[in-house]
Every structure is written in C-alpha cells, then in structure tokens.
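Student: Dock chain B against the given chain A, drawing on the hints supplied.
Just so you know, the protein sequences line up as chains A and B, in that order.
Under the numbering used here, the first residue of the first sequence carries the number 1, and numbering increases by one thereafter.
Under the numbering used here, the first residue of the second sequence carries the number 1001, and numbering increases by one thereafter.
These aren't lab readings, by the way, just hints derived from the structure by calculation.
Heads up, some of the hints might be wrong.
[Said to hold, decoys possible] Pairs of lysine-lysine residues, derived as DSS-like cross-links and limited to a Cα-Cα distance of at most 27 Å, are as follows:
hint	chain 1	residue 1	chain 2	residue 2
1	A	K95	B	K1027
2	B	K1027	A	K92
3	A	K155	A	K370
4	B	K1027	A	K117
5	A	K343	A	K155
6	A	K326	A	K289
7	A	K92	A	K136
8	A	K370	A	K161
9	A	K212	A	K370
10	A	K297	A	K29
11	A	K29	B	K1027
12	A	K155	A	K288
[Said to hold, decoys possible] If we take Cβ atoms under 10 Å as the criterion, some of the chain B residues that face chain A in the derived model are:
hint	residue
13	L1031
14	N1033
15	F1037
16	G1138
17	P1139
18	D1156
19	Y1227
20	V1230
21	F1233
22	A1235
23	S1238
24	P1273
Being a predicted model, the structure only gives us computed values, none of them experimental.
We put the beta carbon where it would ideally sit given N, CA and C, even for glycine.
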Amino acid sequence: MSRNIFRMILVLFFSFLMAGAVFAAPPVKIGALFSVTGPASPLGEPERNTAEMMVAEINKAGGINGRQLELIVYDTQGDATKAVQAVNKLIKDDKVVAIIGPSTTGDSMAIIPVVEKAAIPLISCAAGIKITDPVKKWVFKTAQNDVLAVMRIYKNLQKQKISRVAILTVSDGFGSSGREQLKLKAKEFGISIISDETYGPKDTDMTVQLTKIRNSNAQAVICWGTNPGPAIVARNAQQLGIKIPLYMSHGVSSRKFIDLAGDSAGGIMLPSGKVIVADQLPNSDPQKKALMSYVNKYRARYKVEGDHFGGHAWDAVMLLKNAMEKGGFAPAAIRDQLEKTKKFAGIGGTFNFSPQDHAGLNIDAFVLVKVEKGDWKLIK
Amino acid sequence: MVTVKKRQLLVFFVFAAAVLLAPFFLKGNYLLNVLVFVGINTMLAIGLNLLLGYAGQISLGHAAFFGMGAYISGIITSRFPVEPFLIIFLAALCVGVIAFIIGFPILKLKGHYLAMATLGFGIIMYIIFNETVDWTGGPSGLSGIPNLRVGSLVFDNDWNNYYLVWVFTLAVMLLSINLSRSRIGRALRAIHDSEVAARVMGVNARILKVQIFTVSAVISAVAGSLYAHVMTFIAPASFGFNFSVELLTMIVIGGLGSVYGSFLGAAILTMLPELLRVFQDLDIVIYGLMLILMTMYMPGGLIGGMEAAVRFALKKIGKGENNNAQA
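Bound conformation, chain A alone:
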C-alpha cells in the first residue's frame, strides 16, 4: 500500500515537472563579455553591472514577448586569447542568440572573426573605429567613435580662433587611436599640431613633456588618455604655471578624474557623453529621458554614479531588446532588426544604424563640458 502511494507521488511529481517544461518556454540566452578584471576593469565593471541591472529589469517587467532573458557574463581580463575562448564557449556551449561587449577594442577585434563565422550578432562596447569600419555584417557598436570627440574639441578651438595646438597622448590603444584621429582631422579644421608628445600608461610624472610644450608656442594643449594619467598632467600643468587652455578626452569623463586632479582640474574642458551632465540638459534633448532613468536606477542599485561605460552596455541591451521585440529571437532576425534601428535615443547618443553604418552616431553624441567648482558644467 505504502508503495502505491509512493508511486503516485512520484507520478504526480514528474507530471508537474513536465507541465512546467511545457508551459514556461526556456529563457532566451544572451552572452556578455566584459573585462571585469585586469587593466580595463574600470570599463568592464560598470558595463557588467549595467547589463545585469537592465536584464533583471526587463525580466521583472515580464520579459520580451513573454520570454525571460538569461544573461551569461564571462570575464575577458582584457586578454585577446581569453576573449576568444570565452566567445567560443558562449556560442558553442551556451548557445546564445546575441553577444554584447567586449569592453576593449583589442578584445573586440579578436572575436570578430569568430562571431562573423558563427553568424551571431555582436554589439561591442568598445570605441575603436576599426570595429565597424569597414562594416562587418554581424558587428555593431555602441561606444562613440573617437573621431567624434576630436571633432567636438576642434570645433570649439575653431570658435575660439585657436590654430596651434600641442597634443599629449598615452601610448595605449585609447591614446594611439586618439593621436591618429587628432592628426587626421587637424587640417579639416585649420589646426596645426606643433608639438606631438606621448607618455606611458604607468608614468607618474609628465613634467618633461609639458615643459617642451610650454616652450613651444602652442595656444592650447590636448591630452588624450584614461585615468590616472590625465590627472597627473593636470597637476603638472598647474605646477609649471601653464596658462593656455587644457583639453582632455572623453576617456576621463567620470567623477574620478575630478577627485584625482583636485583643484588643478578647474577650467579643464573635455568632450563627453551626456551622462555626467544629464540633469543640466534641456528637456528638449531626446536622450534626456533615458539618461535620467539610467542615472537614477544605477545610483539606487549600486550606490555609485553611473558613467558612460555602463551607458554603452545600457545601449547594447536596449538595442537588443528593441530588435527582439520586433523580429523575434533568431540571430539572423536580431541582426536584421538591429540594422533597421532608427532614432533610438540611448545613453551614448541617438543611434541610426544602416547597412553602411554600424556605429550609428554623429557629433551630437558628445557635448563639451568644463570643470567648475569641482563639478561638470555643460558648455553651450
């Protein structure tokens, strides 16, 4: 008798299991590769946090067309070999329908051949122009091209009638790309680069380069790097009494730069994504709604300020969401819908993808900001 009862329980148990499997479709798997550790961790960490936050939010609101999402995140450690192994695992083992990330241009370039061959859409969060130029069928990106930041600075220089500049760039991926674009676009804006200096990513003193620049007759200095280098440049420039305007790149557009540079940050100008000045934007700005929502939610969940790196992941997740809502969950359909994205107002800018343009942004993605009284101030 007791055996029969046991059997019945077993049968009931399994029929419940089966029923569950029939009613709830399995979650849609999305892969993510971020350099959560390693030298590029300041990029990867907010990106991972943001992606997890957004996916949790989408799931809480009922998923996409009734399907839940599952985000699978792997750490690339900023190493091309590890990125390639991780992307293979995502595609072959986890069978994801789309991938967001990686955080760095190097990692992105390394995995592009793999995703192109496997026919899985990739939305990179790295800035390098090479990622989408030339256009690759399956690859999109959300980080603004460096050239847009360069153009924003040059436009401002033109307005102030400055034509002789000195550039000081860091010798890593970010700096060398910036240096290339600065030199490339100079002529177009009638600017001549009269001093071209570089510094190492781990250097702790840039007095030598700045002394050389001071002795040239440059009218402005443009420094291109990510924290902490530019903060040292700012301090050194103050110590040397350099009075000409100092421009930085969007690589330092986070609170941390002001903290590191202290009062030497005052007066420094830089092109930036709109995140850091979200509350100063006019209400007519199409991105304002998305920006305010991102800034508030990120602060509420992680107790720190969101930055534009996290914004790249926000854009990637939301672009995917839109594409899936319209075209379903097949990788090819997602890709086709991504390419049709028009006037998507995200964190990094307003995206307009087309078969000829998988970067999707124009110069409006950047605003120029100035450090005033220890905070960012939007320059009109």
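Tutor: Just chain B now, with coordinates in the frame of chain A:
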C-alpha cells in the same frame, strides 16, 4: 637502456594516439577550441622547460620570443601575398639568430641576474610591440592575418586548427624526448646540477647553454606564428611579462624537466580559468596557492608527484616486485 628507450617511445605513441583521437569525442564542443590553445601552450612550456628544466637557466622573457614569432608572421602575411608556411620558417630563423646573438652575453649571467636580464629583454620587446604602431598596429592590435592553408584545405575551424597545432606540438615533444636521452641532454643536466663540474668533465657549457636557449626561442617563435594564424588577430597584451610568468607557472606546476609535465601544466593553466569561471577573480589566488604548495611539497611538479605516488603504491603492494624492477 634500449628497454627504457622503447618504453618511452611506447608512452609517446599512446599519448599521440590519444591526442589525435580526442577530437572525435569532442565534435562541435567548445573544448576543442580550448585544446587548440592547450597545444600552443604545451609547445611553449616544452620550449621553456628545455631551458629551465634541463639546463637550469631561467628565462622571464619567453613571451617575447612568442610575440616575435607571432608578429613576424602576422605583419608579413597580412601585408604581402606570401606563403604563410614559408614565413613561419623565416620567423623561426630570425628569432633563432636573435636569440643566438643575445644568448652569449645574457647566459654569462647566473641566478637573479639572468632572471633580470631576460626580464629586461621581455619588457623591451613588449615596448617595441606597443610603440611601433605603423607596423604592429600598436596596443589595439594587428588584424587581418590570414589562416594557414594547404591547397584547398583552410585551417579556419577548430577541428583543422587542432590537428595543425598538435602535429607541431607532438613533433616538438618527440624532439625533446630524444634530446633528453642524448649526449646533449645528459650534458645539459650536468650543467643544471653543477656548471663547474660539467666544465671539468669537458662539457662546453657556454656554447651549449646558448644553443639550448636558441632552440627554446625557436620553438616559442613557431608557437607564436601558429598562434597568429589561429587567432587571425594579435595584440601586445598577450605577450607581456604576465604571460612569461604564466609559462613559468605551467612548468613548475606540471614538472620541471618533464615533457608530459609541460603538457600537464599547460593543460591545467589553460583549462583552469574555464573551470574556475564560477569563482570569478579567485583564479589568481588559486594559482598562487598551487605554486606555493607545489614548491613546498611537490618540487617535481604534478608529474614528479604522480611518479612518487606510483612508486609508493608499488612499495606497499610488494617489496619483491620493486626489487625486481630495480635489478
């Protein structure tokens, strides 16, 4: 002596057969992709083991030779329509010549000074990879490297790459097994134990050290060329000081002076991050812990530890058998 050699060859052929059959059980699995990198790392570990395990000369700059192989192959084949296999040979030759030239002054040094000198060389090469942007693409890397091909067979998937890499790796393994049993191998071990004693016995230690340094560098360069063609993209971050240390960790964990130890170490350090993904950032702590425990309790590495365990087990089973084996 003959039986030892026969037994060694038998072990090698069993290993080779296992390696060559493995893909049939892993079809379509991403593990096959990981095993391609295990192959490349095994080759590098054997190269370094020849130098450190056999001859007792440390190198903290082997990632540089790996990188030079990768960049020579990568730069030439991505710019000019040449036969990539020919360039692998050319890259190996170039790196060999460079290693031979720098080997003379560097290998005069001993201990910490040798470690510092090779470390310096590694850092110089790393800076060159980063700074010669026009050639290497700088820190954001060099893309557009073609896959290798033989006739219509293109090495552009995991299956083909697996066989490509492992054929080279097995060849290197066979070479170093033979080397360790040769007159040169014995001379190298003599240098390892006492360079002075080896010299007294008539071993030309100076030339021999430079030669094995060169062989080691050439193996690393070939591994680098293969890496470049498998990845089709290379960036300096893969060839930095960290990777030199990772290689060193591989052979210390696997077993100094052992060919299979090199494989074991390379396999563990390549696969471990995959298995340890659940622990996220803790993998580096686990490496460190392994390294400490290894050097304290298992100085012969995992292979040495295994052999000791087998010997211990045999002793327990029956002393008679053990005596017979020794006779």
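Student: Against this structure, judge whether each hint is valid.
Tutor: Right, here's what the structure says about each hint:
| no. | hint | in the structure |
| --- | --- | --- |
| 1 | K95/A x K1027/B | 15 Å, holds |
| 2 | K1027/B x K92/A | 11 Å, holds |
| 3 | K155/A x K370/A | 15 Å, holds |
| 4 | K1027/B x K117/A | 17 Å, holds |
| 5 | K343/A x K155/A | 24 Å, holds |
| 6 | K326/A x K289/A | 22 Å, holds |
| 7 | K92/A x K136/A | 21 Å, holds |
| 8 | K370/A x K161/A | 18 Å, holds |
| 9 | K212/A x K370/A | 25 Å, holds |
| 10 | K297/A x K29/A | 24 Å, holds |
| 11 | K29/A x K1027/B | 22 Å, holds |
| 12 | K155/A x K288/A | 23 Å, holds |
| 13 | L1031 | 8 Å, holds |
| 14 | N1033 | 4 Å, holds |
| 15 | F1037 | 6 Å, holds |
| 16 | G1138 | 4 Å, holds |
| 17 | P1139 | 4 Å, holds |
| 18 | D1156 | 8 Å, holds |
| 19 | Y1227 | 8 Å, holds |
| 20 | V1230 | 9 Å, holds |
| 21 | F1233 | 5 Å, holds |
| 22 | A1235 | 4 Å, holds |
| 23 | S1238 | 6 Å, holds |
| 24 | P1273 | 7 Å, holds |
Checked against the numbered hints above, the structure breaks none of them.
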